Amino acid sequence: MPSTVLHVAFALLLAAGLLGSAFDRRAVVVVAAATTFPDLDVFVALVVESAHRAAFHTLLLPGAVALAVWLDVRREESWLRGRYGDQGVRLAWVALVCYVVAGIGLDAFTALGANPLYPFYDQFVEIDGTVGYAAGDGVYQTFVNVTTDSAADGAGAGAGGSSGGDAGDGGPNIDVGQQGSTDDVHVASGVDPQPGPEPRGVERVFPVVYRGWHVTLILAGALATWWRLRESDGAGAHSDER
Amino acid sequence: MPSTLVAAGLAALLAAALLDERQFTGRALAVVVAAGVAPDLDALLDVAIEGLHNAALHNVWVPLLVGVAVRWDTRRDDSWLRGRYGTDGVRLAWVALAAYCVAGIALDFFHVESAAVLWPVHGRFLGVTGRLVYSTADGVVFTLVEPSLAGGELLPKAGSGTVAGGEHVPTFLNPDNPGRDLVFIDAGWQLLVVLSGVAMAGWKLRQNDEPTDDNPTGDG
Numbered sequence: 001m002p003s004t005v006l007h008v009a010f011a012l013l014l015a016a017g018l019l020g021s022a023f024d025r026r027a028v029v030v031v032a033a034a035t036t037f038p039d040l041d042v043f044v045a046l047v048v049e050s051a052h053r054a055a056f057h058t059l060l061l062p063g064a065v066a067l068a069v070w071l072d073v074r075r076e077e078s079w080l081r082g083r084y085g086d087q088g089v090r091l092a093w094v095a096l097v098c099y100v101v102a103g104i105g106l107d108a109f110t111a112l113g114a115n116p117l118y119p120f121y122d123q124f125v126e127i128d129g130t131v132g133y134a135a136g137d138g139v140y141q142t143f144v145n146v147t148t149d150s151a152a153d154g155a156g157a158g159a160g161g162s163s164g165g166d167a168g169d170g171g172p173n174i175d176v177g178q179q180g181s182t183d184d185v186h187v188a189s190g191v192d193p194q195p196g197p198e199p200r201g202v203e204r205v206f207p208v209v210y211r212g213w214h215v216t217l218i219l220a221g222a223l224a225t226w227w228r229l230r231e232s233d234g235a236g237a238h239s240d241e242r
Numbered sequence: 001m002p003s004t005l006v007a008a009g010l011a012a013l014l015a016a017a018l019l020d021e022r023q024f025t026g027r028a029l030a031v032v033v034a035a036g037v038a039p040d041l042d043a044l045l046d047v048a049i050e051g052l053h054n055a056a057l058h059n060v061w062v063p064l065l066v067g068v069a070v071r072w073d074t075r076r077d078d079s080w081l082r083g084r085y086g087t088d089g090v091r092l093a094w095v096a097l098a099a100y101c102v103a104g105i106a107l108d109f110f111h112v113e114s115a116a117v118l119w120p121v122h123g124r125f126l127g128v129t130g131r132l133v134y135s136t137a138d139g140v141v142f143t144l145v146e147p148s149l150a151g152g153e154l155l156p157k158a159g160s161g162t163v164a165g166g167e168h169v170p171t172f173l174n175p176d177n178p179g180r181d182l183v184f185i186d187a188g189w190q191l192l193v194v195l196s197g198v199a200m201a202g203w204k205l206r207q208n209d210e211p212t213d214d215n216p217t218g219d220g
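Top to bottom, those sequences are chains F and W. Residue numbers 1 to 242, in our numbering, belong to the letters of the first sequence in order. Residue numbers 1 to 220, in our numbering, belong to the letters of the second sequence in order.
Treat the hints as calculated values from the structure; they're not laboratory data. A portion of the hints provided could be inaccurate.
Derived lysine to any residue pairs resembling SDA-like cross-links, with alpha carbons at most 20 Å apart [what the hints assert, rightly or not]:
hint: 1; chain 1: W; residue 1: K204; chain 2: F; residue 2: V89
hint: 2; chain 1: W; residue 1: K204; chain 2: W; residue 2: D20
hint: 3; chain 1: W; residue 1: K204; chain 2: F; residue 2: G63
hint: 4; chain 1: W; residue 1: K204; chain 2: F; residue 2: L96
hint: 5; chain 1: W; residue 1: K204; chain 2: F; residue 2: R90
hint: 6; chain 1: W; residue 1: K204; chain 2: F; residue 2: A22
Bear in mind that the values here come from a model prediction, so they are computed numbers and not experimental data.
Full structure from sequences and hints, please.
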């Protein structure tokens, strides 16, 4: 369960790389907001059952925004460029990348996953596995498991692909970590810990750090932000003097 | 421990984040990634002297000594580093040092199979795992380190093995590892870090090759 702090830290690490010397305080605010936004679907989950990690964790939403930005900036009279300049356009693209990679991606690549095509195809996908080399077997990977139907009867269902959709039609059963639809999967959050109405006094958990590696990524993001802001603030001070 | 490949991915992300566009060349990237994976070379020493893996180079003293040396050198008027490699070289040295600490050491330190970060002064393998959450039932729960006035373990979840005591973080290089498994990626998030690192490095290098106003020929 990556916390908002972790999402934002990873996004700022990416943004520092993508923006380089254009990384400033405005960029920090915009990128942090874009990356925090998908997790606001915890509030949607109060109304629509189990909508956390689905409603705003769908790729359709950043896809639609990307289309809108693209259509706008290719016009002569681009509103975005007219209002915020070329740097604003660049920041918009970077914020979208951070939305997808740090906001949605970090959830999709950890336990329970995200629901990338919601609401058109309601399926949580958790991308998780191992890639390695074993002396006997050569290079192996467990991210995508393809089984034929006969083998899938026992093993595929046990691996969590039971509601993967394709079982039983005679073709190969492809398991990329399907978890089931919003009917089966409820990703708990502090706002909406259980499906349906919560009993009084239910425990609500708001994580900041949940795993050791979260600390490493937060460290990296904080280091990148501090270093970049020190430079951009320094550059600003110099230009004021001139 | 997260594999060397994951350390390389995180080092590439750090290089992109901390170097300026102009400084992000293939050579600079190679230096930072090499620094990020350098601590894992102690797996080689482990073949000779059992227990040195995640100890010999995974300690705070190596980067501390290098950091003091770089700082001492660059504060002098006739700095060797600046004279030889210019101000870009000084910047690169600091970024490489950051990659060594974060991608090389911290990635293993904040993990169950941990690093002997104080070796050889203190030989215990220390690992910081745990959580910081706010729970409406338990309040603020902080279990990364557990200081207690009554004494007791600061890091109860870390193993109590020491380098001298024969504790040994397994590596595929060491023949004691049955089957000699070599794991490149052990979890979804590690794949995401590696993919992000590769995509970021590729994109930044391409940006640098494109001709710009400052650099009309497009040479790095």
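Hints, one by one, checked against the model:
no. : hint             : in the structure
1   : K204/W <-> V89/F : 18 Å, holds
2   : K204/W <-> D20/W : 10 Å, holds
3   : K204/W <-> G63/F : 23 Å, violated
4   : K204/W <-> L96/F : 18 Å, holds
5   : K204/W <-> R90/F : 15 Å, holds
6   : K204/W <-> A22/F : 14 Å, holds
Violated hint for the displayed structure: number 3, the only one.
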